Amino acid sequence: MTAERVYGDAGPGLGGSILSVRDLHAYVGQSHILQGVSFATRPAQVTAILGRNGVGKTSTLRSVLGLMNHTGVIEFDGRQISSLETHEIIRLGLAYVPEDRDVFHGLTVAENLRLAERRGLAPDYDRVFELFPELRNRRGQRAGTMSGGQQQMLSLARALLHDNRLMLVDEPTKGLAPRLVSEFVATLEQITAHTSVLLVEQNLAVARRLADHVIVLSEGRVVLDGAAEDVLADDSSIRRLLGVAADHEEG
Amino acid sequence: MSTFLLIIISGLGLGSLYFLLAAGLSVIFGLMRVLSFAHGAFLSASGFASWMVLRSFETPSTPQLLLALVVSVLTGGAVAYLAEVLLVRPLKGKELEQLLVTVGLGMVLVALMAGIWGPDEHLIPRPVWLTDTTSIAGAPISNSRLLLIGLAGVVVVGIHLILSRTRYGLIIRAGVENSAMVSALGINVKRAFTLVFVAGGMLAGLGGGLAGTYYGGISPFLGDGMLIFSFIVLIIGGLGSINGALIASVVLGVSQSVANYYVLNGIGDVLVVVLLVATLLVRPQGLLGQKERLI
Amino acid sequence: GTGTTATETVTVGIIGSYTGPISNFGPAWEDGFRAGLDVATKGTNQVGDVKVEIQVRNDNSDPTTGLSVAKELLGAGVRILAGPASSAVVVPVAQLAIDNDAILIAGPTGSSDIDGMGAGIYRTSPTTPQLNTAVMQAAAARGAKTLMYIGQDYAYGKAAVASLEQIGPDKGIKVDNVLLPVGTKDFTAGIATALAANPDAIFVGWAGEGLPQLFKALADQGGFDKSHIITIGPGRPQFESYAAALGDSLDKAELITYYAQDTMGNEGEKAMNEALKRLGLKAPIDHQQVEGYLGALMVVKAIEQAGPSLKVDAVHKALAGAKFETPVGSVTIRPEDHICVQPIFGYAMEKVDGEHRLKVIKTYAAADVLSPVARTIP
Amino acid sequence: MTAAPANEVLPGSVALSGRAVNLVIDGHHILVDVSVDVAAGEFLAIIGPNGAGKTSLINVLSVATPPTSGKVHLHGRDVTGLPPHRVARSGLGRTFQTSNLFLGRSLLENARLAANGRDSRLRTGFRRVLKDDPVTERAREALDLVGLGRRPDRLASELSHGERRKLELAMVLAQGANVILLDEPMAGVSVDDVPELVELIRRVHREQGKTTVMVEHHMHVVLDLAERIGVMHHGAMIAIGPPDEIIANDVVQTAYMGEPL
Amino acid sequence: MTRSGALRYGAAGLLVVVLAVLPFVHRSVGGLLPGPINSPGSLQVLALMLVAAAAAITLDLMFGYTGLMSFGHSLYVGFGCYATVILSNNPKLGFALGVPLAMVLSVVVALVGNAAALRLTGIGFIMATLAMAQGFAIAVERGFLGSGGEVGVTFARGVLPDPLRGVLNTRNVYWLALALVVVVYVICALLVRTHVGHVWQGIRENPLRTKVIGYNVYAYQMAAATISCTLAAMCGVVFAIVMGGANPGIAGLHYSLAVVLMVVLGGRGVLWGAALGAVLYQFLNLRLPSLSSSDIVTGLPEILQIPLSQPNFLLGVAFILIILFMPGGLASIFTRLTRRATSKRAGEPRDDDGGVPATTREPNLVS
Ligand SMILES: Nc1ncnc2c1ncn2[C@@H]1O[C@H](COP(=O)(O)OP(=O)(O)OP(=O)(O)O)[C@@H](O)[C@H]1O
Ligand SMILES: Nc1ncnc2c1ncn2[C@@H]1O[C@H](COP(=O)(O)OP(=O)(O)OP(=O)(O)O)[C@@H](O)[C@H]1O
Ligand SMILES: [Mg+2]
Ligand SMILES: [Mg+2]
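Chains as they are written, first to last, in the numbering used here: chain A, 4 to 254; chain B, 13 to 307; chain C, 9 to 386; chain D, 3 to 263; chain E, 54 to 420.
Isolated chain A, as found in the complex:
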């Protein structure tokens, strides 16, 4: 269906931005959670969204995917996607790794992965199992009985099953043991050769290694937008930046 046609098609946005967000606002009840977020991601680059807890990083990703009520312009490949339903957006070639893992507890590992298969595309189980051999051994286990880190692996595996045009990844290394973190980072590095990534990450080492471009959010606004090497020069600079961002809001 839509997925096959659009997917792999060199759209008009190639060379420009693959995802562009302009003036994104989101409300939950009375609180104004995103207050005019704008940014753009480039093909085959990693854009990292940084910021303290509760500034709206997750909300930004969820808005892009249509999982949250919002206003503003969201274009993927030059096409307005705000009015599409979530599954239609995903079929354009996106993948999402949510912050809470959100694996399906009642389903087995194999079933979780089968569910993530896309119609018309060949799933790359080898890549997934090579990265997380644990999952191969536990194919028949119900996901709800797995440890936190194992669930995180499964959540990542679902997104890595296919090649995507854009991956939205929310704190992918949370709860993973250090060795796995570095293996995962290596895999993601390979993938970014042909896939764009929008990454939310609290592990600075990971962000520094992967990101080409950095956006800093504060209280629902973009307060900084720049090349990664400038922003993430060292730990203290980023701490300062995040701190500044917070002050900026309060001042």
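Be careful, since some hints might not be right.
Said to hold, decoys possible - Okay, the calculated beta carbon distance ranges per label pair:
| no. | chain 1 | residue 1 | chain 2 | residue 2 | range |
| --- | --- | --- | --- | --- | --- |
| 1 | A | D127 | D | R204 | 42 to 52 angstroms |
| 2 | E | L67 | D | K133 | 19 to 29 angstroms |
| 3 | C | K359 | E | L158 | 50 to 60 angstroms |
| 4 | E | G199 | B | V294 | 29 to 39 angstroms |
| 5 | C | E282 | B | V97 | 33 to 43 angstroms |
| 6 | B | V294 | E | L357 | 50 to 60 angstroms |
| 7 | E | F197 | C | A322 | 37 to 47 angstroms |
| 8 | E | A169 | C | A149 | 27 to 37 angstroms |
| 9 | C | T271 | B | V97 | 17 to 27 angstroms |
As the list claims (entries may be wrong) - Now the stretches of chain B that chain E is said to cover, found in silico as 3 or more residues with beta-carbon under 8 angstroms:
| no. | segment |
| --- | --- |
| 10 | 166-179 |
| 11 | 280-294 |
It is worth saying that the hints were derived from the structure and are not from the lab. Just so it is clear, the structure is predicted and the values come from calculations on it, not from any experiment. Where is the CB? At the ideal position from N, CA and C, for every residue including glycine.
Got chain A; can you put chains B, C, D and E with the ligands on it based on the hints?
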């Protein structure tokens, strides 16, 4: 001996009827986590649909009976479709509200049927072969019972095939846990929910068509009378487990029938409640139900 | 009617089931009442210079609503209530009427609890024991020595068993019973139990839903050949389903009832049917109309003789032993417990112009079916 | 692979201990003969690969999961098989790896319920809840400590992921337990809040002398806080000892750490 | 007490006073009630509405506040009702001993019933309560223990004290029902403000977490359920007096569902909301039959007449609409007016997190 057989097979027939209703409920609950109190009304409505087809005939032929069954299945599906789209879907994720909205729907449908067709039973004409009896080891078994038992078997196999051969089972089970995440995997989860609800409704429709021909009559309250037994079947079998529902239906139908004959007429109903309470205390998740891990 | 000379008004509060499980009872009873009033007052709705008014309330076949509307009517000064049919409504309403020194004329109720309950409590249908006596006579006429009763396991069914067991020995018949829960739909086990006792006659006392299934099970297990089947005739809406349920066995069953819908041909029936036509009331005629008709005759008589104040004692004096001409023939009110002394009939069902109807084939005289007084009015 | 060193008995009384704990679920051996003693006032960190059994051990030690065999002692008392609320009242508090909150209640109410749990009796409970209860005060303080004190009336469901982790921590603080089990307290906490929270945990441990067991994957946090580190692998406690010793351990390096980023 | 608190107490007190003087108000309210407000017919309807309100409040205590979804409240209301009539009719006991004895037995039934049902959680609890109530309903319909089967039992002559008997004394019965509501409401309202009440609400949100921070969840649930069910039995006692007897209508699944509907209609987790829902439900239930046989309806074309002549049709439709468009029930209209976004009241649905709004999580059907 022949009486014993008569009692057993009549229990099986009763069990089959429970199962047809419970199967629809079980599919819907097992996959969507919606306990539908409107299911009895779906059954009655479908029964009326088959009555509308058959009432004009003195003694309908077999094709006419089939037509009536098809119509009742479609009616069950259509009613369920509307219910899902208009009532259940807007309450996505709110299990309790969904349950309550089906309570309301059940009330409304039964009242509507009573208003249109009156509270009394309407007789459904049946083909001659259906009202005849077949002698099995000397026991006169009504053919409608045999038909019912046969069809219940077909339904079990059908449900298994559908759930194991298609992705729908998977999608729905996942969708119940977290439908947002299912759509975030690129799956149209809304459509899958509707399909399942409609399938459950069609099973109720089949039950309605068959119950009508089995009892020979239909009234607005027929389905509700059976609903409570189907619930009990569901709980004893383990919520959401089709096989559990099958076993529980048979156990309940047969033991009800046997108790009524060999112990005391009418004790069957009491026995059913006792069985339910015992199951809940000894094995709360039911015969084939699964336990969840808490932490 | 002219009505201009009226100086006083008596309001009759009709309580009936217009919605709920027996919703066809209410409208028909009311029609019959209006027809009876029309006949008895010659179209004036006036008894002497007392005007008779009707207020109708729906009890939704449910006691909570029934009691509320009864209180409403009594509270508004109504002295005479009429028509409730559901046993669950009749009994508490009768209790209320007694507490308030009011009159109640019950509708088509199977409950015997109100017989002899109070001087102000009346009924318009024969009692279960009367019908049972007729059944017993029918069985005896066939030379039966054992009779099996199949009925519903609730107040009505139990009362029926009790009365059958009382009557049986007189006629030399041993009575046995199978009582099944009210909602029963599968009769296989019940019928098997009944047939296992090899009774000479079987009395099917089942009322309402489930009857076709019961007959089907009876036929499947050869009951019609093994035993003589007697049953209470159906109400009009059930004619067709009854006939279909009995199928080939239709002429093997003996039907007992107290009104053969629309076929009695006596003066009472003619008067009622004409009045119904005159008033433009055309619900299919059933026993409810007959009972409503009788109810109206009783009200008129009470007003005539006891005056518009309708004191309980005065009404009792007026109606006890009074005789009324109705479509079932003459009906007398027994002074001791206010039951209706009336004949019971044996019928056959026949098909006329593609529709089934009842035909009287035997009459059991009122005196013959009279049961002893179970409770005397205090 | 080096054998696990014998679990030396530390000076001072043992606050919490698991003895020869085994846990088997559906035929899977999840905890294998784990024995661990935590001395009163000690800070023990547990590390290990994903699925090693760390959370399961926490579950067993907090009696949320009954072990298949083995014993759990709290302050020398055998608490194996006791209902969790009894053990919580004797002064054991824990956080959850995935936040586990009263979502429909306010932040203050979450902390208040935790603060009140310890001395709640059904008998004395039929008194009204007041705004200035000592219990409520304790709850407010706990919220302040983790930096959620600004709007205590918000519903817990309105919190972002990281804020929920902080509320988890606030609840265990409010509970006033003297033995605290923390399951990945830093997961999802933003970088610049981590130092503060580490400081907070250290202060609580030092100043109030709380016995603390922490599972954590952030090595710098572990090294910052732990007095002793236990390493789990395949359900067994393969090593336990002072941080520098553990960090030097080859198995730990290969099985757990991998190459540094 | 704060100003707004004082205001609320004042308003509540005023409402009770107004309700208490209704039997002296001789005014018609245009067809809403069967006659002038102080006519026995109207007072009977009002009394039934008040009893329903009390029953709904008791259910809200366990359902709305503690998250224990019971489909078996009819067992307790019904038991209180039947026990009162049957025991009072025993000449050795009479009304004066029958009522206290009925209450004592009700406490025992509540303790035993809940001790069993609470062994299960979530849907298991729902079904267990439903099954026990169904067992009671079967017993009552079969006429066990002198329950009179389908017909029910009425107080024997002379059993009810004179001031509670007869049409003219309906006002006394009405006052009794009013007193019941006040007592039940005050008890429940005080309870939910205590520490225990807060723990109940914690259990509603997350029983596991409650356990781990040191509460004996089972004991707290037992307390909530036993208090709720005992108060429900008290409603049954008053119901018996209002009805002059007991009938199976109060013992079946239908009544259990009705109480649940009342609570949801009004707004669960808000005591006065539950009461409001009950008042509305009972009003419609009692008055729609009159409406549907009134000239207004019978004059309509048949297509409209059919649904309108079925009270359950209208009740069901109203109920569905409330669930769909007013998730917090009727109470949410008022709370929305008086409280702003910072409202602490859970129940406002959040459509964004793909999950379940806080209060609707409970009871967690997937235990
Ligand atoms: N359902 C909700 N109701 C009310 N407020 C909400 C809701 N969801 C999120 N918020 C608020 O929106 C803000 C942004 O939340 P979001 O989850 O996007 O933050 P985040 O940057 O991802 O934080 P974290 O690093 O903790 O994951 C937070 O302040 C949170 O309190
Ligand atoms: N029912 C079960 N069937 C099979 N394996 C199970 C079951 N329950 C738990 N396990 C396994 O037990 C192991 C221990 O899990 P635990 O949650 O304790 O790990 P952990 O050390 O906390 O890991 P993480 O760092 O990822 O949180 C895991 O490998 C898990 O898959
Ligand atoms: Mg986030
Ligand atoms: Mg863990």
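So, going through the hints one by one against the coordinates:
With their beta carbons about 45 angstroms apart, A/D127 and D/R204 fall inside the hinted range of 42 to 52 angstroms. Separation of E/L67 from D/K133 is about 26 angstroms and conforms to the stated range, judged on CB atoms against 19 to 29 angstroms. Under the hint 50 to 60 angstroms, the C-beta atoms of C/K359 and E/L158, about 58 angstroms apart, fit the expected range. The hint said 29 to 39 angstroms for the Cβ distance between E/G199 and B/V294, and at roughly 33 angstroms that hint holds.
Checked against the given bound of 33 to 43 angstroms, the beta carbons of C/E282 and B/V97, roughly 55 angstroms apart, lie outside it. At roughly 52 angstroms, the beta-carbon separation of B/V294 and E/L357 lies within the given 50 to 60 angstroms, and the hint holds. Separated by about 42 angstroms at the C-beta atoms, E/F197 and C/A322 satisfy the suggested range of 37 to 47 angstroms. Checked against the given bound of 27 to 37 angstroms, the beta carbons of E/A169 and C/A149, roughly 56 angstroms apart, lie outside it.
Look at C/T271 against B/V97: about 53 angstroms separates their beta carbons, and that is not inside 17 to 27 angstroms. Counting residues of the segment 166-179 of chain B whose C-beta sits closer than 8 angstroms to any C-beta of chain E gives 0, which falls short of three, so the coverage hint is violated. Counting residues of the segment 280-294 of chain B whose CB lies closer than 8 angstroms to any CB of chain E gives 8, so the stated coverage by that chain holds, three being the minimum.
Hint compliance for this structure: hints 5, 8, 9, 10 are not met, and every other hint is.
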